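Q: Generate coordinates for the entire structure from the input sequences, incorporating the hints supplied.
Take a look at the letters that make up each chain.
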Amino acid sequence: MRLSYRTPIALFALVSSALLTAPALAGEWQLNMTEGVTALSQEVFSLHMLIFWICCVIGVVVFGAMFISMYLHRKSRGAVADNFHESTVLEIIWTIIPFAILIGMAIPATKTLVKIYDTDNPDVEVLVTGYQWKWKYEYPEEGVSFFSSLSTPKDEIYGDADKGPHYLLEVDEPLIIPAGKKVRFLVTAADVIHSWWVPDLAVKRDAIPGYINEAWTRVEEPGLYRGQCAELCGKDHGFMPIEVKVVSQEEFDEWIAERQARAAEIAEAAKQTLEFDELYAQGEQVYQQFCATCHQPEGQGAGIFPAIAGSPIATGPVADHLNRVINGGGAMPAFGEQLTPVQTAAVVTFQRNAFGNNMGDLVQPIDVVSFEQGQ
Amino acid sequence: MAHGPAKGLSRWLFTTNHKDIGTMYLWFSFLMFFVGGMFALVIRAELFQPGLQIVEPEFFNQMTTLHGLIMVFGAVMPAFVGLANWMIPMMVGAPDMALPRMNNWSFWILPFAFTALISTLFMEGGAPNFGWTFYAPLSTTYAPPSVTLFIFSVHIMGASSIMGAINIIATILNMRAPGMTLMKMPLFVWTWLITAYLLIAVMPVLAGVVTMMLMDIHFGTSFFNAAGGGDPVLFQHVFWFFGHPEVYIMILPAFGIVSAIIPTFARKPLFGYSSMVYATASIAFLSFIVWAHHMFTVGMPLASELIFMYATMLIAVPTGVKVFNWVTTMWKGSMTFETPMLFSIAFVILFTIGGFSGLMLAIAPADFQYHDTYFVVAHFHYVLVPGAIFSITAAVYYWLPKWSGRMYDETMGKVHFWIAFIGLNVTFFPMHFSGLAGMPRRIPDYNPLWADWNMISSVGAFLFGAAQVLFLYIVIRTIVSGRPATDQVWEGAEGLEWTVASPAPYHTFSTPPEVR
Amino acid sequence: MADLKAKNTRIVLKLSVLAVLMFAFCLWVMPPLYTLFCEITGLNGKTNSQPYTPVSADVDESRTVTVKFIAIKNTAMPWAFEPREYKLEVHPGQVIETAFLAHNPTDGYMAAQAVPSMAPKNATDYFHKTECFCFNQQVLAPGEAADLGLQFVVDQALPKGVNSITLSYTLFDITDSAQESIEAIRVGSPSPSDPVSVAFSGPTH
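Residue numbers (the numbering used here), protein chains in the order written: chain A, 8 to 382; chain B, -6 to 509; chain C, 6 to 210.
It is worth saying that the hints were derived from the structure and are not from the lab.
Among the hints, erroneous ones may be present.
Stated by the list, open to error - Using C-beta positions, here's what the derived DEER-type ranges look like:
1. D65(C) x P229(A): 39 to 47 angstroms
2. G310(A) x A459(B): 29 to 37 angstroms
3. T108(B) x R89(C): 53 to 61 angstroms
4. I373(A) x P147(C): 15 to 23 angstroms
5. K188(A) x Y91(C): 12 to 20 angstroms
Predicted model, so just to flag it, every value in this text is computed and none were measured.
Built from N, CA and C at the ideal position, the CB exists for glycine as well.
A: Structure, rendered in structure tokens:
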């Protein structure tokens, strides 16, 4: 078998044409970076395209020279080797030209970077905290906070149901920010390092335990923008998406007010006494949503995640069980802030009575509140 | 003095012969290449389509971690050391390595390190799952118990590399034949000399960073634990202070190989020999002051961000000089395209593409969009697979006739090249697109938005894997039944290694050769 | 031949010393160097871990800076923890006192360490703590609540562009490694209802 010398040329042509037409084809098979929806993200995009085209031009020149040489200077074509092997002039030229090109790239890059770092005078502030494996959003000024975790159902992941269009990019509670306002994000983490990334905003900041990092955005158009965690943070790193919902200032204010009211409601709900069946049913729901990932749907556990069935905690004293759910321990994260007292009471009741753990006891929301207050 | 090798297993266990040890390094790295490749195929099989089909996320993370560690420390680095063992004494006209006994140790501790590392897969809690960059606190406070064994094996690998590097430096500086001045040495020797210094400078830093982890985990210190006054970001600084030179450790010897092969098949001397040496040295120097470009998103102050961005961009200059020199070497030559030349040309093209994406990644504001996406995965695979793997493959085809005394089958070599070349591009080129379109790296499952590119990548990966099986077959067939090779082997080849018989006798240059 | 052997031994020694030096550099020089570098440049936004003694008493009334306080709990930290005021308007040079409220709801003694961090990072050098609960470990008895005091001055030389400073404290549970101080408190404080705060003995308390 003898392959023609044209093969590499054809292949190169194919690869480079794919490269060159990349932006044009975007949409069908998305090839390129998103332009995003903020002035800054568009600036980042044009910077990206600028460098890309410069690289293409250099590539055409260098590879072009190489392929011409491979065509002309073949032994099979009767080429006789020259013997030159030094030229100080050439060496100086191809040191200086790239240097000049680099300076041309550095100037716009520096300008954009300075803008990215200008986080002063925001209209709204959001504290973003990364947890294994969810995000917590807090509006310190407004006193609103909530967790935001993956809402894609298990059976979509395991192929038992069709995958929706926003598969793995959808959450139960999106972050909500007002349109046209400068929003400053303070990014941190509560366990390992995460990274908060929304491509449409061109914001990516590492969330590091013990430290706050800053980023900012100003989105003019209301809409829904999606992103993901961008730093390996353990088992479910691929399953902690981000959804940012940009709404008008009025809607934002309404939402904040509603949130503040809901917090009061939850406190009120914690005072009620519930029937066993009610608690058990709600507990099952909470279990499947929050616990089943690790402890498995049938409570059998997996690997380092212990079984709930016959677990010494679920069949031991109620206080220890509450302590573990609320405060975590070992590999178990703390759920105290994420679950309402009713949910905690329900899931503890469920675990103590499901999977053959027939403890027969029931935990009321008020017990959870008392426990949290340390009585 | 001229006696042959000992018989049986003891030949390999107790050998101090640089050729035997080189052979063992090369076979060991070949084995590790297949192990790391299997792990990569598990990853690609899981990513063939969205959803979790084959492995669970926990195991997926173990696969990405072990794939990275084994390819870097088990496949690429030992392969280069193996080539150094075989070729450096022959290239500088020395009878053997300077420290033959240490040479034996530095090889024989490696199998223990990798047995330990791979055995973690069967430990309770599983193998290391925190990525080959093992960022704290995921790799300390939140690590599986196997992290201790991982640290232990990294220590052994580090010791092996440092011993190997000391040996190489001693050989190059003390063992050269009379007349072989530094500026007459083949470029492969030069690049390895610089690489060896890099190894001695940074492998202890890797050993240091895992030691700090060990102390944090078992002895209550707080190097990386914020609660005790430490800082998880310090881990990243120390790791990348090792990690960036490490990247060049895996590419500088490749520059040397390609600088040997291109002149041979262009039948024309290497263009700009001394500028190649200076470019290599300046790349090595720059590698120490650019580490934080791996950390643009950790929230450094603006000034540090800018300094690291500018320093990183500067690397393009010496790297460009090298590429221009290779192209000019080909210019007005009389080229033929045997398998080593094909791999070397592919090296120049694909490595340059990897360099372009590297330049894009150097631009900090744009890096906020690229960081930790498949664009980065595409970038470093374009640098490492055509860079390290293709150059090692080219070296094997180029020198195998000298080592074994037998010629490989040219047609099969070319078939191997084309399958590998196509497989590589089909695997890694689409990753640029999925990365730009927003796919983060190290995830076991993803939105269907990126499904098409991932499916193509997975097909390419299996093709690339198949090419390597063919490679193994070609190598074995050559050794067993290739037709005898001439001493010169390649028409245009120059250098001391071509003045000895094929196969190279067990002892070469017992009396130093004459170097003009 | 003997000459070569000596040369080889010399080079092995030299290179081994280099390797050992690099290892020592990594273990004993890099961490303190990094800390020093951070203190000079504010690289990681960590504020000083030592009390500051003010140099000038002049208050710059013409300028107002907003200081915001954020409380973050590391996972598995069961305490309640929040700033007394979310934000304060201060003049540079003014000595300000505030506090974070902490409550240990568990039925055991617990120790915590607060880790400070500041944004924007270039303000770090201009924010001086004269007293801070983060300088020491904090121990709380079961069910105990305490005001953790903080006293600070914003430097008059704060860069003009900075109008707002955010100071965060992340609270880590260090009960396991702080058994000694816990024991000391337990013995010294028979009544768990007294607020306890190890080594926090500033004039404000």
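Q: Check the following: the C-beta atoms of G310(A) and A459(B) are separated by a distance inside 29 to 37 angstroms.
A: The hint (29 to 37 angstroms, Cβ to Cβ) holds, given that G310(A) and A459(B) are roughly 33 angstroms apart.
Q: Taking 39 to 47 angstroms as the stated bounds, is the beta-carbon spacing between D65(C) and P229(A) within them?
A: Roughly 42 angstroms apart at Cβ, these two residues keep to the hinted range, so it holds.
Q: Indicate whether the distance between the beta carbons of T108(B) and R89(C) respects the range 53 to 61 angstroms.
A: Between T108(B) and R89(C), where Cβ atoms are some 58 angstroms apart, the hint holds.
Q: Taking the beta carbons of I373(A) and P147(C), is their distance inside 15 to 23 angstroms?
A: holds, 20 angstroms
Q: Given the hint of 12 to 20 angstroms, check if K188(A) and Y91(C) actually sit that far apart at their C-beta atoms.
A: Holds, at about 19 angstroms.
Hint compliance for this structure: no hint is broken.
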